[in-house]
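Numbering (the UniProt record's numbering) for the sequence shown: 1 to 673.
Calculated directly from the structure, the hints in this document are not laboratory data.
Please note: incorrect hints may appear among the correct ones.
[To be verified] Result set (DSS-like, lysine-lysine): computed pairs, CA atoms no more than 25 Å apart in a straight line: (1) LYS547 - LYS633; (2) LYS471 - LYS547; (3) LYS421 - LYS471; (4) LYS621 - LYS5; (5) LYS621 - LYS558; (6) LYS558 - LYS547; (7) LYS496 - LYS471.
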Amino acid sequence: MGDGKEDPAVFTSASLPSDPRLLPTVTNAYLGTRVYRDILHVNGVYNGAVGDTHRADIPSPLNARMMVPGVDNLAEAFTLNTRTGTFSHTLESTDCTATHQIYAHHSLVHLMAFSVTVRRSAHAAQPITVQLHAPFMPKSQDLDLKRGPDFQGAHYVYGKTRVPEVEGGPRPTVHMLWTPVPPALTLRGEERERSWEFLTAVAESEEEAQRSYSEGLALIAAGSLHSSHVGAWAALRRGCCVELDGPLPLRRALHGCLYYLLSAIPPRGSPAFRFHGISPGGLSNGTRGEDYWGHVFWDQDTWMFPNILLFHPEAARAILEYRIRMLEGAFHNAREQGCEGAKFPWESAATGREVCPEEIYGAQEIHVTGDVLVAFEQYYRTTQDQKLFREDGGWELVRAVAQYWCSRMVWSQEERCYHIKGVMPPDEYHHRVDNSAYTNAVAQRSLNFAADLARDFSMPVPEQWVDCAEKVKVPFDAEKRYHPEFDGYSPGEPVKQADVILLGFPLMHPMSPEVRRNDLEMYEPVTEPAGPAMTWSMFAVGWLELKEVRRAQSQLKKCFSNITEPFKIWVENSDGTGAVNFLTGMGGFLQAVLFGYTGFRITRTSLRFDPAFPDDIDRLKVAGVSYFGNTLKFTITKEEIRIRVTECPPDTPPSPLEVVLAQSGQRFLLREG
């Protein structure tokens with residue numbers, strides 16, 4: 001495996017981190033917990049009114065610790081296997097091996113499980129007892145839990161969340177069945193090996209919880225509960241392969257990022273639940289006061305979504321459907337600001353209303369509305385899924401966002417252009433500024449996409465959309481040949497995080513290589529060194545665009561100070577503060593590889609690629625890339641690029657893809673195989 005025989009996808013340690021926030025998570029997009037934590041969370045289940053709404057804490061029957069008393073010289077290992085989506089704890093002595101496994105079932109999303117397996121050595125004959133410390137109490141500060149009748153040997157509780165997000169809003173009911181956990185398990189003297197399996201089933205109806213629990217019992221009886229999870233997880237990973245011949249730390253970081261991000265998306269096939277988006281710390285985090293309380297930000301649409309779209313367009317669609325369902329709340333937010341159309345909240349939970357505890361961000365960090373639309377545009381350009389827009393609410397959202405931007409702009413008679421005033425850019429060190437370059441550029445892109453989509457659907461394009469897109473001001477210093485962050489920005493002012501450099505990618509705002517370089521040079525030295533983890537990935541992408549590979553690597557290496565050992569949990573800031581299991585940083589890091597090293601760009605008419613990678617990487621393989629329903633495999637070395645179509649759309653007559661060499665114009669047809 002390159003650097004020795006160590007598997008870069010398996011993280012093992014003899015001890016756990018002292019900070020419990022850095023323990024690995026087991027999640028399947030409907031249920032999530034951190035290992036050895038006393039609570040779990042359910043997708044979309046929040047408690048608390050606006051300003052206080054947070055993921056509802058549900059007591060976790062999975063919180064059990066294994067011990068083997070009275071045995072000397074125990075060897076202990078804790079392992080996260082990202083190939084199987086399983087966490088395990090192993091205790092080994094000369095007499096026996098005890099293994100405790102924990103996982104969130106990937107295809108049966110209402111199930112989480114743990115097992116304990118005890119195997120004796122050939123010479124040992126005495127009974128072996130394993131103790132389980134399980135401090136479970138069926139109580140919650142967020143749910144009014146009641147005890148119900150046992151079901152097939154499982155205990156049962158159910159209850160509604162206590163406080164809705166808005167008056168009269170939904171108060172979901174959670175139903176939970178779980179296998180009681182005994183204080184000890186004993187392998188009798190005549191037994192060589194035995195496994196005990198424990199199920200937790202959680203759903204928003206009693207029938208679904210019972211059905212899932214019964215299905216889990218049937219799989220246990222067939223001896224295939226864990227193997228069915230491993231099979232589903234392996235299928236997900238096969239459809240999303242990023243492998244490189246290069247340094248082991250980079251390969252391990254990639255496996256970690258893919259594990260945590262893929263854990264957050266719905267499994268393939270119609271999910272049996274409505275997906276409620278991805279928060280910066282993922283489903284396992286987000287209790288009151290922690291990890292932004294489990295709210296959904298631009299982090300999902302800008303930092304995580306492009307990676308998901310590239311491999312799993314079905315999951316990308318589920319993210320967009322969440323935004324469509326939140327449209328009523330977005331209309332409300334716009335009205336609150338005295339604007340037309342739809343304004344997406346800086347922080348979103350169950351209703352689409354603004355739930356940020358601090359008013360300033362919701363009022364001013366309005367670029368999120370454009371970020372949402374960029375995700376819709378990327379999806380449309382990649383899939384040509386017209387049904388989402390014509391029938392499933394996508395067009396209504398696009399139109400409403402265009403209306404919002406037009407109503408938010410004011411005409412400057414002096415400058416003969418439109419201004420957007422009083423905003424906070426992505427750089428949160430500045431607020432109430434006029435004409436944030438990023439905000440105005442993303443508004444312009446929103447309007448251009450809305451107009452393009454209307455033309456594609458043979459609908460009239462409002463003149464106001466075209467006028468505002470053409471005439472909105474995106475600040476540019478013609479003398480210094482760079483983009484000031486906002487009106488009145490002085491070169492050298494500190495910047496919290498990636499901001500103006502996002503014009504180059506992901507916005508692909510038109511500019512010359514000279515201006516792109518000047519933006520990178522201007523903002524790199526003044527960006528907060530300990531700022532949010534995704535920042536340096538975007539500097540790396542910029543330098544890779546310009547084929548400045550060494551400069552790109554120096555930026556990407558900064559990300560490693562945000563990756564904690566031994567389980568590759570990311571922290572938001574390199575000093576350890578902010579969100580943990582920071583999927584936003586992981587998403588940025590993956591983009592540096594998937595869009596930086598490969599040079600992938602989703603444009604109006606093509607998927608462009610223009611690779612550049614450093615001396616210590618010899619080969620990059622990206623398999624499972626989805627484009628217009630085709631599945632592609634790219635193998636890139638310093639000498640050549642090989643592209644293979646591994647799958648074509650099953651139900652449409654194939655119109656073969658073409659590879660076009662940009663410099664010579666030479667064309668190659670790509671047929672399946």
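Status of the hints after comparison with the structure:
{"no.": "1", "hint": "LYS547 - LYS633", "verdict": "holds, 23 Å"}
{"no.": "2", "hint": "LYS471 - LYS547", "verdict": "violated, 33 Å"}
{"no.": "3", "hint": "LYS421 - LYS471", "verdict": "holds, 15 Å"}
{"no.": "4", "hint": "LYS621 - LYS5", "verdict": "holds, 20 Å"}
{"no.": "5", "hint": "LYS621 - LYS558", "verdict": "holds, 24 Å"}
{"no.": "6", "hint": "LYS558 - LYS547", "verdict": "holds, 19 Å"}
{"no.": "7", "hint": "LYS496 - LYS471", "verdict": "violated, 29 Å"}
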